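Trainee: Since chain U is already given, all that's left is putting chain L on it; use the hints.
These protein sequences, in sequence, are chains U and L.
Read in order, the letters of the first sequence are residues 0 to 99 in numbering that gives the first Met the number 0.
Read in order, the letters of the second sequence are residues 0 to 694 in numbering that gives the first Met the number 0.
Hint data in this document are derived by calculation from the structure and do not stem from the laboratory.
What you are looking at is a predicted structure, and each value in this text was computed from that prediction instead of being measured.
It is possible that part of the hints are untrue.
Stated by the list, open to error - With beta-carbon atoms standing in for the labels, derived distance ranges: (1) U/I81 to L/A656: 24 to 34 Å; (2) L/F177 to U/L67: 29 to 39 Å; (3) L/A181 to U/I56: 27 to 37 Å; (4) U/I56 to L/A656: 26 to 36 Å; (5) U/I81 to L/K168: 22 to 32 Å; (6) U/Y90 to L/I585: 34 to 44 Å; (7) U/E45 to L/V243: 22 to 32 Å; (8) L/F339 to U/S19: 25 to 35 Å; (9) L/F339 to U/Y90: 19 to 29 Å; (10) L/R614 to U/E45: 53 to 63 Å; (11) L/L631 to U/S19: 32 to 42 Å; (12) L/T311 to U/I81: 49 to 59 Å; (13) U/N70 to L/K168: 26 to 36 Å; (14) L/V93 to U/I56: 36 to 46 Å.
Claimed, not checked - Per the computed footprint, the stretches of chain L lying under chain U, defined by three or more beta-carbons under 8 Å from a beta-carbon of chain U, are: (15) 4-18; (16) 146-159; (17) 225-235; (18) 325-334.
Glycine included, each C-beta is placed from N, C-alpha and C at the ideal position.
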Amino acid sequence: MPANPKYLNKSPWQQFAKISAGIVGGYIISALLHMCLPLFLPNPKEILISSIFTSFIVWCTFLIIPFLFKNGWKVWLLYLTITGVLFGIYYLGNQNNPFI
Amino acid sequence: MNKRNHNVLFNTHTVSGIVISFALYVIFFAGAFALFREEITIWEEGKTKTHIEGKDIDYDHILKKLDTEYELTGRDIQFNIETQANKLYVSMDVSKDSLASEKGKEYHYLYLDINSLETQSYTEYYSLGEFLYRLHFFDQFSYIGIYLAGFVSLFFLFAIVTGVIVHWKKIIPNFYAFNPRATLKRLWTDAHTALGIIGLPFQFIFAITGVYFCLSLLVLIPANFLYNGDQDKLIKDLRPESEVIEWVKKTDQNIPEFNQFAQQASDRWDNFHLKKGFIRNYGGTNMKYILNGELESDQRFIGKGRLSYTITKGKIEVEKDPYKTVYKEDVQRVLGRLHFADYGNIAVRIAYFILALITCFVIITGVLIWIEARNKKNMSISQRLYTAKVGHIYMAICLSMLPVTALAFIFVKISNGYFEDKLTTIYYFYFITWLITILFFRFKRDNYFTNKCSLLLGAIFGFLIPIINGFVSGNWIWDTYINHQFDILFIDLLWIIIAVFSLIFYFKIQPQVKEQSAYNKNPIDYKNIASLKEEERQLTSRENIDSTLASESLETEKNNSNYITMKTKIIILWMFIILGFMFHHIYGLATVFFNESVFIEGSTGETPFWAHQWRILMEGLAFLFAVLTVQLSQKWFRWVSFIWAIIVALFNVYHVAEAIMHEASNYSEIWILLLMAVASILLVINLHKWKKENN
Numbered sequence: 000m001p002a003n004p005k006y007l008n009k010s011p012w013q014q015f016a017k018i019s020a021g022i023v024g025g026y027i028i029s030a031l032l033h034m035c036l037p038l039f040l041p042n043p044k045e046i047l048i049s050s051i052f053t054s055f056i057v058w059c060t061f062l063i064i065p066f067l068f069k070n071g072w073k074v075w076l077l078y079l080t081i082t083g084v085l086f087g088i089y090y091l092g093n094q095n096n097p098f099i
Numbered sequence: 000m001n002k003r004n005h006n007v008l009f010n011t012h013t014v015s016g017i018v019i020s021f022a023l024y025v026i027f028f029a030g031a032f033a034l035f036r037e038e039i040t041i042w043e044e045g046k047t048k049t050h051i052e053g054k055d056i057d058y059d060h061i062l063k064k065l066d067t068e069y070e071l072t073g074r075d076i077q078f079n080i081e082t083q084a085n086k087l088y089v090s091m092d093v094s095k096d097s098l099a100s101e102k103g104k105e106y107h108y109l110y111l112d113i114n115s116l117e118t119q120s121y122t123e124y125y126s127l128g129e130f131l132y133r134l135h136f137f138d139q140f141s142y143i144g145i146y147l148a149g150f151v152s153l154f155f156l157f158a159i160v161t162g163v164i165v166h167w168k169k170i171i172p173n174f175y176a177f178n179p180r181a182t183l184k185r186l187w188t189d190a191h192t193a194l195g196i197i198g199l200p201f202q203f204i205f206a207i208t209g210v211y212f213c214l215s216l217l218v219l220i221p222a223n224f225l226y227n228g229d230q231d232k233l234i235k236d237l238r239p240e241s242e243v244i245e246w247v248k249k250t251d252q253n254i255p256e257f258n259q260f261a262q263q264a265s266d267r268w269d270n271f272h273l274k275k276g277f278i279r280n281y282g283g284t285n286m287k288y289i290l291n292g293e294l295e296s297d298q299r300f301i302g303k304g305r306l307s308y309t310i311t312k313g314k315i316e317v318e319k320d321p322y323k324t325v326y327k328e329d330v331q332r333v334l335g336r337l338h339f340a341d342y343g344n345i346a347v348r349i350a351y352f353i354l355a356l357i358t359c360f361v362i363i364t365g366v367l368i369w370i371e372a373r374n375k376k377n378m379s380i381s382q383r384l385y386t387a388k389v390g391h392i393y394m395a396i397c398l399s400m401l402p403v404t405a406l407a408f409i410f411v412k413i414s415n416g417y418f419e420d421k422l423t424t425i426y427y428f429y430f431i432t433w434l435i436t437i438l439f440f441r442f443k444r445d446n447y448f449t450n451k452c453s454l455l456l457g458a459i460f461g462f463l464i465p466i467i468n469g470f471v472s473g474n475w476i477w478d479t480y481i482n483h484q485f486d487i488l489f490i491d492l493l494w495i496i497i498a499v500f501s502l503i504f505y506f507k508i509q510p511q512v513k514e515q516s517a518y519n520k521n522p523i524d525y526k527n528i529a530s531l532k533e534e535e536r537q538l539t540s541r542e543n544i545d546s547t548l549a550s551e552s553l554e555t556e557k558n559n560s561n562y563i564t565m566k567t568k569i570i571i572l573w574m575f576i577i578l579g580f581m582f583h584h585i586y587g588l589a590t591v592f593f594n595e596s597v598f599i600e601g602s603t604g605e606t607p608f609w610a611h612q613w614r615i616l617m618e619g620l621a622f623l624f625a626v627l628t629v630q631l632s633q634k635w636f637r638w639v640s641f642i643w644a645i646i647v648a649l650f651n652v653y654h655v656a657e658a659i660m661h662e663a664s665n666y667s668e669i670w671i672l673l674l675m676a677v678a679s680i681l682l683v684i685n686l687h688k689w690k691k692e693n694n
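Bound conformation, chain U alone (with noise of 0.2 Å):
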């Protein structure tokens, strides 16, 4: 069975902020995480390296979240505020305790 229209928003720009937050703004978190990780916990290297397949099923994870959103631009409000906490975390990080 096709999924209900009723449930669906046709609205294009609502259409477009979702795939790109889950597209853009997943990886970019995604990317970020696997930045900060290395940072605090032991065996920096090895989890760095587990990234190449991590770093693809939390960059799934966040493509989907998205769609649970009734207003696409709240993701993208969410997903820059995550970005901006996760940075923070990462520029404190490599300061403290740089990964080289």
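Mentor: Same frame as chain U, now just chain L:
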């Protein structure tokens, strides 16, 4: 899960699935054959192979020969040992020695026969195996193909996960309810879920490893930040064998024997086979030999070993013991093993082959459910036509791959040794036959026929493959069996089995099946499309008139606070583009403030013609269109504006991309160019709307 989320996720599963489906089918179908890439190459060549071990190769002789031909001093050399095909793939980087001659400064890669030492260029040694391997990540589209495949793979992962979420509750009931005699749509739905779940672990592995191989660049970007941009160090950590060593100078000593190193390296551990050799700084004072090898996969799943010999130290060192796991290095190999199925023997690859074809089936059923569910009486004819068209094209692309691939096997066998540039020949043959069959099936507009015809042709060509092989190369299946040429025998047997199954399916599929299709119950009358469309248009326009009369005025204009009349909007957008070009010029000139000369070399004080040309083409024409839009609104004018706007938009997008790549620090310039690109895209969209308006 609540109803809304279920429906939304269902829709994302459908849409992402439909968008990638045919590309994914091509990936899995070509990828299935790519599992036997080496066997296909050997089959195609048709020569007896003896499987020479890496340690028995006379490397020094080969290096000597290459040195006289290509001058190796100062080069980094890599060779992959292809034991099965008795070939060495050799790549020779440009010489790092500044004293090297012109000859040494050319990059070369080639195939070298281990026995005869004959060399063949990449295009000469190209085979159908290589072609199908490259097709499975769209490498025929140079540069972008692999990224396209990567994103297809990412959305495949997305479709798998959303698919599991939406089908979660029905997985077990559907599995037991699976009944091949049910109605067609029911059958496809159940098969899609049941086989999708059976293949799930396999598909998940491929989605993940596929993205990794295609989009590894995206993993390297964050890693690069952590390493503060020190790429050499990053590579040294991740791929130690690819480490670059700086060139010092040419050595006076004799070049140490590679053969001895290879033999000692190979004898170090039992069941250890050499795979790849590297030479850093050939003929330099810090020359280094590296050999990668692997234990047989029944010894260890991952048994990567690496040894090196440095001229300065004069002894062999073990860089990685194959019996010790080093996570950093071995995890990359795990993904490779899982993707290429090179663990275990041929049985594993056959299992992968079957699972890949099952995945193809899951993809096809997904598309079929989609088209079946969208052909209902209450849907408009244009909607139904669109769905049917997509269905016909998708089925044509996917199903015709079987006969086209089979025919390509026959073609390469017959034409073997006839064409020098095999790459071009295979490209032309495969893509042209594929295109013709796609067009034929697409305009035949009958998925049942496409399926039957593909199966029958696939079966006929499949049976012909071993026969042609016997006639052309004398490799009849009984001969290859007696002579232990199992690689060649395998391909022949594979095609016989594929042909048998194709024939079984061909006879199993009866015309009654067709009667169950929604397109049989509710057919589209292709002969009267024009009249059907006309009917519909009248119906909708009447509705439109009714609705406009009801609201008495143009609702959209009143309620939408952003409303600008179309022509004004277009004129403003053209003016934005002109403004953008002005800022672009001003920023160019403004470098004067910062003490930079703005004169172009060789200027004479006169504006050259090319400058006028660009000015007129860019801001001049934009200006012209802005002015003309004030007065003109004929149909032809809308079309001309639309076409020119597309060209301007492409140029502007290219311009901003180029600026980002070449002068990333010129922020203000990039910002203006970015806005211009946005303005020109909006212009194209609005002109498109304008040309559709009737008044």
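Trainee: Confirm or reject each hint.
Mentor: Hint-by-hint comparison with the structure:
no.	hint	verdict
1	U/I81 to L/A656: 24 to 34 Å	holds (28 Å)
2	L/F177 to U/L67: 29 to 39 Å	holds (31 Å)
3	L/A181 to U/I56: 27 to 37 Å	holds (35 Å)
4	U/I56 to L/A656: 26 to 36 Å	holds (30 Å)
5	U/I81 to L/K168: 22 to 32 Å	holds (31 Å)
6	U/Y90 to L/I585: 34 to 44 Å	holds (36 Å)
7	U/E45 to L/V243: 22 to 32 Å	holds (24 Å)
8	L/F339 to U/S19: 25 to 35 Å	holds (34 Å)
9	L/F339 to U/Y90: 19 to 29 Å	violated (40 Å)
10	L/R614 to U/E45: 53 to 63 Å	holds (58 Å)
11	L/L631 to U/S19: 32 to 42 Å	holds (36 Å)
12	L/T311 to U/I81: 49 to 59 Å	holds (51 Å)
13	U/N70 to L/K168: 26 to 36 Å	holds (28 Å)
14	L/V93 to U/I56: 36 to 46 Å	holds (39 Å)
15	4-18	holds (count 8)
16	146-159	holds (count 3)
17	225-235	holds (count 5)
18	325-334	holds (count 5)
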